[in-house]
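This is what each chain is made of:
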Amino acid sequence: MRATVLVRPKAGILDPQGKAVESSLRQLGFAVGEARVGRVIDLDVEASTAEEARGAIERMCEGLLANPLIESYEIEVGK
Amino acid sequence: MSEVAPKIAVLVFPGSNDDRDAAWALTALGAESRIVWHAERELPEVDAVVLPGGFSYGDYLRCGAIARFSPAMRAVSSFAAEGGLVLGICNGFQILCEAGLLPGVLRLNASLEFVCADVPVVVERADTPFTSRCEPGQELTIPVKHGEGCYHASADLEHEQIVFRYARGENPNGSEQDIAGVMNVDGNVLGLMPHPEHAVDPLLGSGDGALVLASLVDAARERLYARA
Chain W
1 MRATVLVRPK
11 AGILDPQGKA
21 VESSLRQLGF
31 AVGEARVGRV
41 IDLDVEASTA
51 EEARGAIERM
61 CEGLLANPLI
71 ESYEIEVGK
Chain G
1001 MSEVAPKIAV
1011 LVFPGSNDDR
1021 DAAWALTALG
1031 AESRIVWHAE
1041 RELPEVDAVV
1051 LPGGFSYGDY
1061 LRCGAIARFS
1071 PAMRAVSSFA
1081 AEGGLVLGIC
1091 NGFQILCEAG
1101 LLPGVLRLNA
1111 SLEFVCADVP
1121 VVVERADTPF
1131 TSRCEPGQEL
1141 TIPVKHGEGC
1151 YHASADLEHE
1161 QIVFRYARGE
1171 NPNGSEQDIA
1181 GVMNVDGNVL
1191 GLMPHPEHAV
1201 DPLLGSGDGA
1211 LVLASLVDAA
1221 RERLYARA
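Residue numbers (the numbering used here), protein chains in the order written: chain W, 1 to 79; chain G, 1001 to 1228.
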């Protein structure tokens, strides 16, 4: 089963990469507010149901894919 | 009377690159260094463990995030839980944070630039196994070289856990509260971003790092005597 994990810097956590992207976009003439940079992880998970896959991916996030101190994550399980 | 050399393990992960420097410095300061490959499930009989600098597993995902799952790290966790002395330098500090042996996490430098410079580091606590040869408030000159050294403290970090700070106005990476090194509550695990092993000979700019490593060698020797 295909799934995607989006890992983001938590709100309030300084994101220097986002700041650099933000100022570069402004220099290019784009009117942007805040930019934040995270990470996308595409996974192929062995699971018979979406719930099962989601449960496994949550454990992956807690154990490795995200650091809960500074990052939040969002799981999208493919159809 | 010639002093007995305590044994100190230096772990090597794929991508470690300061392991030999650390082993050399510890040997020069009177210890017997034991290089331990990350795949080892057990540590040899040692009186302290050093996790050296480098880029373990290419710093993939987050620095230190993969190395913490090494078999040798399980042994280090047990060693630390039993009160064993563990020092993490740079990438070693990052690994200890990811492994939960130290609070907080190290993130991309606020400048987004790799920093390589001698920095003044203030000793906040001289009453630890890692700083007994220092004076409280002493300013040490020790090099840093890292891209991800911006310390973000966890909410439970106690003031007493802060062992080193960058001198005022000299913070090279944007670390919160100018933190350069922290220890666990029990005081037997310390991590710091500056590299004491690269400052043990004044010929190379500074000998101040020797105060930190020699403190560790002293403490390891005490452990050795206590074991004997």
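None of these hints come from the bench; they were simulated from the model.
None of the values given here were measured: they were computed from a predicted structure.
Incorrect hints may have been included.
[Said to hold, decoys possible] Cut-off 25 Å, straight-line C-alpha distance, at most; resulting in silico cross-link-like pairs (SDA-like, lysine to any residue):
hint, chain 1, residue 1, chain 2, residue 2
1, G, Lys1145, W, Ser72
2, W, Lys10, G, Asp1118
3, W, Lys10, W, Arg39
4, W, Lys19, G, Thr1141
5, G, Lys1145, G, Asp1186
6, G, Lys1145, W, Ile70
7, W, Lys10, G, Val1122
8, W, Lys19, G, Pro1071
9, W, Lys10, G, Ala1126
10, W, Lys19, G, Glu1040
[As the list claims (entries may be wrong)] Using C-beta positions, here's what the derived DEER-type ranges look like:
hint, chain 1, residue 1, chain 2, residue 2, range
11, W, Asp42, G, Arg1168, 39 to 47 Å
12, W, Leu25, G, Glu1082, 48 to 56 Å
13, W, Ser48, G, Ala1110, 43 to 51 Å
14, G, Cys1116, W, Leu14, 20 to 28 Å
15, W, Val45, G, Asp1118, 42 to 50 Å
16, G, Arg1074, W, Ala47, 39 to 47 Å
Glycine included, C-beta positions come from ideal geometry on N, C-alpha and C.
These are the hints, each one checked on the structure:
| no. | hint | in the structure |
| --- | --- | --- |
| 1 | G:Lys1145 - W:Ser72 | 29 Å, violated |
| 2 | W:Lys10 - G:Asp1118 | 32 Å, violated |
| 3 | W:Lys10 - W:Arg39 | 12 Å, holds |
| 4 | W:Lys19 - G:Thr1141 | 31 Å, violated |
| 5 | G:Lys1145 - G:Asp1186 | 28 Å, violated |
| 6 | G:Lys1145 - W:Ile70 | 23 Å, holds |
| 7 | W:Lys10 - G:Val1122 | 31 Å, violated |
| 8 | W:Lys19 - G:Pro1071 | 38 Å, violated |
| 9 | W:Lys10 - G:Ala1126 | 35 Å, violated |
| 10 | W:Lys19 - G:Glu1040 | 42 Å, violated |
| 11 | W:Asp42 - G:Arg1168: 39 to 47 Å | 45 Å, holds |
| 12 | W:Leu25 - G:Glu1082: 48 to 56 Å | 52 Å, holds |
| 13 | W:Ser48 - G:Ala1110: 43 to 51 Å | 46 Å, holds |
| 14 | G:Cys1116 - W:Leu14: 20 to 28 Å | 22 Å, holds |
| 15 | W:Val45 - G:Asp1118: 42 to 50 Å | 48 Å, holds |
| 16 | G:Arg1074 - W:Ala47: 39 to 47 Å | 28 Å, violated |
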